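Residue numbers (full-length UniProt numbering), protein chains in the order written: chain E, 1 to 142; chain D, 1 to 142.
Careful: at least some of the hints might be erroneous.
The list treats identical chains as one, so a pair stands whether inside a single copy or across any two.
Each computed EDC-like pair below joins lysine to aspartate or glutamate, with the alpha-carbon atoms no more than 20 Å apart [stated by the list, open to error]:
| # | residue 1 | residue 2 |
| --- | --- | --- |
| 1 | K10 | E45 |
| 2 | K16 | D85 |
| 3 | K90 | D26 |
| 4 | K90 | D112 |
| 5 | K84 | E45 |
| 6 | K51 | E67 |
| 7 | K28 | D131 |
| 8 | K16 | D136 |
| 9 | K138 | D123 |
| 10 | K10 | D136 |
| 11 | K84 | D112 |
| 12 | K84 | E67 |
| 13 | K28 | D123 |
| 14 | K50 | E67 |
| 15 | K138 | E92 |
| 16 | K51 | D15 |
| 17 | K90 | D136 |
| 18 | K135 | D15 |
| 19 | K28 | E67 |
| 20 | K51 | D131 |
| 21 | K138 | D121 |
It is worth saying that the hints were derived from the structure and are not from the lab.
Because the structure is a prediction, the values reported are computed rather than measured.
Number of protein chains: 2
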Amino acid sequence: MLSDSISWIKNLQFDKNGLLPAIAQDYKTNSILMLAWMNADALYETVRTKKAVYWSRSRNRLWRKGEESGHVQIIHEIRTDCDKDVILIKVEQTGGISCHTGRNSCFFLRLDKSKTDISEDIDRLIWEETDTVLKDPKYIYK
Amino acid sequence: MLSDSISWIKNLQFDKNGLLPAIAQDYKTNSILMLAWMNADALYETVRTKKAVYWSRSRNRLWRKGEESGHVQIIHEIRTDCDKDVILIKVEQTGGISCHTGRNSCFFLRLDKSKTDISEDIDRLIWEETDTVLKDPKYIYK
């Protein structure tokens, strides 16, 4: 990869598959939109185009976020952490929808808190769906 | 592991090492504090004790956040994403310091934006240190 030779990319600690987790955060609300993965080329193209590009592990190819839905993520800031093994991008989320379910954020499953008051009940918690579906997915992906 | 038999833990998609990335977010400011990893036992203990417990990949053992520094993370909410392969915890960060460098957040390295206006300069970007060191690390770890 061309991007491997670039100093600020070489500084990063990619995992043994050549990937880093990348967190997308709304630059205005600070809402965490999603976590996906980037390789060196995805990160380089993200910086070059100022739009989020990930590496799709399921499709094994670059994933230009919004390529089908139009819900692109415009880059406002890029950070890494003290270990240089995670990327944080602050983005403007086009359409306000980052999740394929039509929600603002992919993190819409909340561990039910109502039952956590009694420790004996911890084994029976559930992931509750929350947050509003802003657009039916069948109208997002034509 | 005992925790493997619990329904809401079995619902999650751990990676082949039995781990999930876990993002810690300040429950008040929405600041992203850090990303670490959890296995089933770490997550179960996090819920049971209402304090963040991670799996340390370098030390290969449970890492009760704040066990040395006192900077524990008190759990306010736990979420997962649409793929159930990432955990998001909203926490109250004791001492306001999550990073071993003495900063609020581990994400204090920002890709220099001043040079991104000309695409030819992308190869010469640097990771700039930013954010205030709130406490000298030598006073955090006795």
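Ascending list of hint numbers which this structure does not respect: When the structure is compared with the hints, numbers 8, 9, 10, 12, 13, 15, 16, 17, 18, 19, 20, 21 turn out to be violated.
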